[in-house]
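Chains as they are written, first to last, in numbering that gives the first Met the number 0: chain Z, 0 to 235; chain E, 0 to 234.
Calculated directly from the structure, the hints in this document are not laboratory data.
There's no promise every hint is true.
Said to hold, decoys possible - Here are a few chain Z residues that sit away from chain E, every Cβ distance over 12 Å (derived from the structure):
| no. | residue |
| --- | --- |
| 1 | PHE2 |
| 2 | ARG150 |
| 3 | ILE190 |
| 4 | SER196 |
| 5 | ILE217 |
Unchecked claim - Here are the computed lysine-lysine pairs in the PhoX-like style, where the Cα-Cα straight-line distance is at most 20 Å:
| no. | chain 1 | residue 1 | chain 2 | residue 2 |
| --- | --- | --- | --- | --- |
| 6 | E | LYS161 | Z | LYS216 |
| 7 | E | LYS229 | E | LYS142 |
| 8 | Z | LYS125 | Z | LYS76 |
| 9 | Z | LYS215 | Z | LYS17 |
| 10 | Z | LYS216 | E | LYS214 |
| 11 | Z | LYS187 | E | LYS109 |
| 12 | Z | LYS7 | Z | LYS17 |
| 13 | E | LYS161 | Z | LYS215 |
| 14 | E | LYS229 | Z | LYS45 |
| 15 | Z | LYS125 | Z | LYS154 |
Everything numeric in this text was worked out from a predicted model, so none of it was measured.
Beta carbons are placed, not taken as given, at the ideal position from N, Cα and C, and that holds for glycine.
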Amino acid sequence: MPFFDKEKKTKAVEELAKIMACAERAGISHAVFIGFGVLLGIIREKDFIGNDSDMDICINADKITPEQELAYYKELKAAGLFLARRKHAFRDVEPGFRRSAVIPGADNRPTRFSWFSLRMRAGYPKCCNWFWFKWNGYYWHSKGHKWVTQRKFDKERYGWRPGDAAILKGIPADFIESLETIRFYGIKVNIPTKYGSCLDFWYPGWWMPKGGSSSKKIIAIVDTWKTSKKWRITVI
Amino acid sequence: MKQVTYAPNTEAVQKSVLTSIGNMMMFQEGNNGRPLPWFFCFGTLLEFIADRTFGLNYDIDVGVMYDDCDSRRLMKSVEGFGYQLDSYVLHDVDRRPLNVHFKPVAEAIKGTPELDVYFWIRSGKMLYHTYDVNREKSSILSKYVFKGVKAEWLQPGPDTIKSVMASVWGRERVFTNQGVWQYDIFGDHSGYKFPCPWKYGTLLDEWYQGWRDRKYYKGQSMSRWVKTVKSCKDL
C-alpha cells in the first residue's frame, strides 16, 4: 500500500500549505525550496511519489538571519505544526551539550538550526526541514550529531570518530543556489532551477522508481562547530 | 489523387522505429571490440524524460562518440534500415562525419521520423557536438560552432560504472557496463530499451532550461560552452 495514497496526499497538501504560510510570515519564503523525494515526485510524476514516506523542506540558511530562522520555528509552533512530532538538531551544539531552540547561543544570538522534523497531527506525513549552509564550494545539510552513528554512516567508510560534532551531506553549491517558483497542488513553492542536476546527484537513474534515501557522495565530518579548520571532506 | 499514409504515433509504430534503430546500432562495434555505446539525446531525450514518451513528431537524435565509432560502417548500417543520407558535416581535417542527417527512403511510410546522428568529439574534459548551425549547406564548413558539455555527464568513469553496476541497477540490467541507462520504455518487459546518457537530468538542465514545463524551450539546445573555430583542429 503506497504511503501517499489519496487521503495522505490531501493531508500532505494541507500541511505543506501551512508550512509555506509560516515561511511567508517569517519572511523566509525566498530561501525555502522543495528537495529530495517531493522534488523527485514533482519532476517525474508531477505528484507525490507513492512510496515516499515524508516531505522535505529545504532552507538556504545563508539567505536568512538567525532571527528569521527562529521566527519561522515560532510560527510553525504557533500554527500547531509540532503537535505530533518535534525533533531538532543544531549547528552550534558541541557533543554532549543539550540545547533548546529558544535558548540563545553563547553570544546571546538565537541558535542556528541544522534540522528539525515536524508533524501537525497523527496520520499526517512527517516533514523534515533542512537548513543548508555553504562551505568550501558545497552546500551542506545535516542532522548534526544524530548522524554520527554506525547505523547511519559506516565508520570505516566515512572516517568519523567518536566525539565528532556532526556529519554533513553535501551537494555542489551551484545546484541549489538558484530557485524558481512553481505551483504544486496550487501552493506556491520553490524548486532548484537545476532540478535535473539535483536528481542525478541524489538519485542516479531517477527516471525509474526505486526506493532508498539520497546518495552519500559528498560527506563532511565536523569535529567541532567552533571552527571549520579541521573539517574533513570525503568524496565517494 | 495520390493517397498518402502517415505513420501514426502509436505504440506499435514507436516499437517498430525503436527496433530499427536498436538493430542498426546493435551491430556497431567500438574501437575496443565491444558494442558501441549510443544514446538518445536532445529533443528525443527531453520528450522521454519529461513526458515519458517516445515521440515521432520530430527528428530522432542519437549520440555516439566520435573517437569510438567506425562512422562509415554506421552510415552504411543506417542506410540498410530504410534511411538515406540527406546531409552531413565533416571534420575538415579527418574528413570523418561529426553530424549526419538521414531521411527515410521514398518507400517508407510518410511521417517516419528523420534521424540525426551526433558524433561527440572530445577536447580535454569536454565533449562537443556540432552541426550546420549557420546553414552553409556544405559538408566542410567555413566556421564550425561547437557546443560542449562536461565529458563526465555523457561518459562516466570506470569507477563510477563499476560502482553502479554493482548496485541494483546493474543487476536489473538498467545500467550497462558502457555507462548508459537502458529504460524499459513501455513498462511491459518486452525488451524495448530506451538508452539514456549517464547524467540525463544534468544534460537537460544545460540544454533546455525550464525543461520540466517547457518554459524556456525554444527548440534549439543551449550550452554555456560554445566554441566557434575555422578548423576542427582548433577545438
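Evaluation of the provided hints:
In this structure PHE2/Z is separated from chain E by more than 12 Å, as the shortest Cβ-Cβ distance comes to about 21 Å. A cut-off of 12 Å between C-beta atoms confirms that ARG150/Z is not in contact with chain E; the least separation is 20 Å. Listed as a non-interface residue, ILE190/Z fails to keep its Cβ farther than 12 Å from every Cβ of chain E; the least gap is roughly 8 Å. Not every CB of chain E is more than 12 Å from the CB of SER196/Z (nearest about 4 Å), against its label as outside the interface.
Under the 12 Å C-beta cut-off, the non-interface status given to ILE217/Z relative to chain E holds; the minimum distance is some 14 Å. Of the pairs offered as hints, the one joining LYS161/E and LYS216/Z holds, with about 15 Å between alpha carbons and a cut-off of 20 Å not exceeded. Between LYS229/E and LYS142/E the CA atoms are separated by roughly 5 Å; this keeps the pair inside 20 Å, and the hint holds. Proposed proximity of LYS125/Z and LYS76/Z is supported: the alpha carbons are some 15 Å apart, at most 20 Å.
Only pairs whose Cα atoms come within 20 Å are accepted, and LYS215/Z paired with LYS17/Z is rejected, the gap being roughly 31 Å. Proposed proximity of LYS216/Z and LYS214/E is contradicted: the alpha carbons are some 31 Å apart, above 20 Å. Between the alpha carbons of LYS187/Z and LYS109/E the distance comes to roughly 45 Å, so the proposed pair goes past 20 Å and is violated. Among the hinted pairs, LYS7/Z with LYS17/Z is consistent with the structure: their alpha-carbon atoms are about 15 Å apart, no more than 20 Å.
Annotation: proposed proximity of LYS161/E to LYS215/Z holds, straight-line Cα distance about 17 Å (limit 20 Å). The hinted pair formed by LYS229/E and LYS45/Z fails the criterion: a straight-line CA distance of about 45 Å is larger than 20 Å. Our distance criterion of 20 Å between C-alpha atoms is broken by LYS125/Z and LYS154/Z, whose separation comes to about 28 Å.
Of the hints listed earlier, those the structure fails to meet are numbers 3, 4, 9, 10, 11, 14, 15, in rising order.
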